[in-house]
Amino acid sequence: DGGITQSPKYLFRKEGQNVTLSCEQNLNHDAMYWYRQDPGQGLRLIYYSQIVNDFQKGDIAEGYSVSREKKESFPLTVTSAQKNPTAFYLCASSIRQGGTGELFFGEGSRLTVL
Amino acid sequence: DQQVKQNSPSLSVQEGRISILNCDYTNSMFDYFLWYKKYPAEGPTFLISISSIKDKNEDGRFTVFLNKSAKHLSLHIVPSQPGDSAVYFCAASGLSNFGNEKLTFGTGTRLTIIP
Numbered sequence: 001d002g003g004i005t006q007s008p009k010y011l012f013r014k015e016g017q018n019v020t021l022s023c024e025q026n027l028n029h030d031a032m033y034w035y036r037q038d039p040g041q042g043l044r045l046i047y048y049s050q051i052v053n054d055f056q057k058g059d060i061a062e063g064y065s066v067s068r069e070k071k072e073s074f075p076l077t078v079t080s081a082q083k084n085p086t087a088f089y090l091c092a093s094s095i096r097q098g099g100t101g102e103l104f105f106g107e108g109s110r111l112t113v114l
Numbered sequence: 115d116q117q118v119k120q121n122s123p124s125l126s127v128q129e130g131r132i133s134i135l136n137c138d139y140t141n142s143m144f145d146y147f148l149w150y151k152k153y154p155a156e157g158p159t160f161l162i163s164i165s166s167i168k169d170k171n172e173d174g175r176f177t178v179f180l181n182k183s184a185k186h187l188s189l190h191i192v193p194s195q196p197g198d199s200a201v202y203f204c205a206a207s208g209l210s211n212f213g214n215e216k217l218t219f220g221t222g223t224r225l226t227i228i229p
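Protein chains in written order, with this note's numbering: chain C, 1 to 114; chain Z, 115 to 229.
Okay, chain C solo, but in the shape it has when bound:
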C-alpha cells in the first residue's frame, strides 16, 4: 500500500542529545514536509522540500535540520539547540506540480525530552 511511514512512533531523549526522526514515502511525491504539533497551536511548518537535494525553512526551523538525498526520504534531526523539543512531529508529502495543496500525513512521532 502507498503511504508515508514515520519512525519511531515514540522516542525519549535526554537533554543535550540530537535525535533523528525518519520519514519515508512510496507515493512518488516530489514535495515533503515536517510539521510540529503542540497543544492549542495547531500544526506549524518546520522544513519543507520541493525536490531532491533542495529544502527550505518553514516557520519554526531553528534547532532543526533536514536532508533530502532521495525522493522517498526526508529525515528530520532535532538538535540540542532546539529549546523545547517535546512535541508530536508529523511528516507529510504532496504532489508538487498540478496539485491542489492536499497533504498526505504519516502517523506521527512523539518526542519526549527527559
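Heads up, a few of these hints could be off.
[As the list claims (entries may be wrong)] Sample of chain C residues with no beta-carbon within 12 Å of chain Z, all distances over it, derived:
hint	residue
1	14
2	16
3	17
4	44
5	56
6	63
7	67
8	75
9	81
[Stated by the list, open to error] On the chain C side, residues computed to face chain Z include the following (Cβ under 10 Å):
hint	residue
10	4
11	7
12	9
13	22
14	35
15	45
16	59
17	61
18	103
[Said to hold, decoys possible] Straight-line Cα separation of at most 35 Å, DSBU-like style, residue types lysine-lysine; simulated pairs:
hint	chain 1	residue 1	chain 2	residue 2
19	Z	170	C	57
20	C	9	Z	168
21	Z	168	Z	185
Hints were generated in silico from the structure; no laboratory data involved. Here the structure is a predicted model, which is why all the values come from computation and not from measurement. Using N, Cα and C, we set each Cβ at its ideal position, and we do this for glycine too.
The hints should help you fit chain Z onto chain C, whose structure is shown.
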C-alpha cells in the same frame, strides 16, 4: 500572527444533529482551503476542500462553505455520527503566491459527538 483561526477549541453535538465548525482567515492571498480530521496519536487525514472560485463544496455528509468577503469558511457535518469525534483542522494555501506546497493550519477544533 495567526493567519488561520479556529476560535472554538471544542464543540459537542448530539448524534444525528448538525455539526458546524468555523474558520476565519486574515490573508487575502489565500485561495484554496482544506479541512483535515485528526484522531489522537495519528496523522491528519484530508476531508474536503474548496477553491476560492466556489462558495460551496459538498461530499456526502460533509459540506464546506466559503464566504470570501468575510474571510470565513465553515464545515457542516450532517448527520453527525460518533465516528466524527476528532480534532478538525482548517488549512489554507495561496496558490498564486506560494504554489501548492505550503499550507497554513488553524489551531483545531475538538468535536465530540454525544450518543
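Could you grab the alpha-carbon distance between residue 168 of chain Z and residue 185 of chain Z and see if it respects the 35 Å cut-off? holds (13 Å)
Minimum Cβ distance from residue 9 of chain C to chain Z below 10 Å? holds (8 Å)
Hint validation: residue 59 of chain C versus chain Z, beta carbon distance must be below 10 Å. Holds or violated? holds (9 Å)
Confirm or reject the statement that residue 63 of chain C sits farther than 12 Å, beta carbon to beta carbon, from all of chain Z. Since the minimum Cβ distance to chain Z is about 20 Å, residue 63 of chain C lies beyond 12 Å and the statement holds.
Claimed clearance of chain Z by residue 67 of chain C, with the beta carbon kept past 12 Å: holds (18 Å)
Hint check: 10 Å Cβ-Cβ cutoff, residue 7 of chain C to chain Z: violated (13 Å)
If I take the minimum Cβ distance from residue 81 of chain C to any residue of chain Z, is it greater than 12 Å? holds (24 Å)
Decide, holds or violated, for the assertion that all CB atoms of chain Z are farther than 12 Å from the CB of residue 56 of chain C. About 9 Å separates residue 56 of chain C from the closest Cβ of chain Z, which leaves it inside 12 Å; violated.
Has the given pair, residue 9 of chain C with residue 168 of chain Z, been kept, meaning a C-alpha gap of at most 35 Å? violated (39 Å)
Is the Cβ of residue 44 of chain C farther than 12 Å from every Cβ of chain Z? The claim is violated: residue 44 of chain C sits with its nearest Cβ about 8 Å from chain Z, within 12 Å.
Was the hint right that residue 103 of chain C lines chain Z, CB cutoff 10 Å? holds (6 Å)
Should the hint that residue 61 of chain C touches chain Z count as held when the rule is a Cβ pair under 10 Å? Violated, about 13 Å.
Consistency note: the structure conflicts with the earlier hints numbered 4, 5, 11, 13, 17 and 20.
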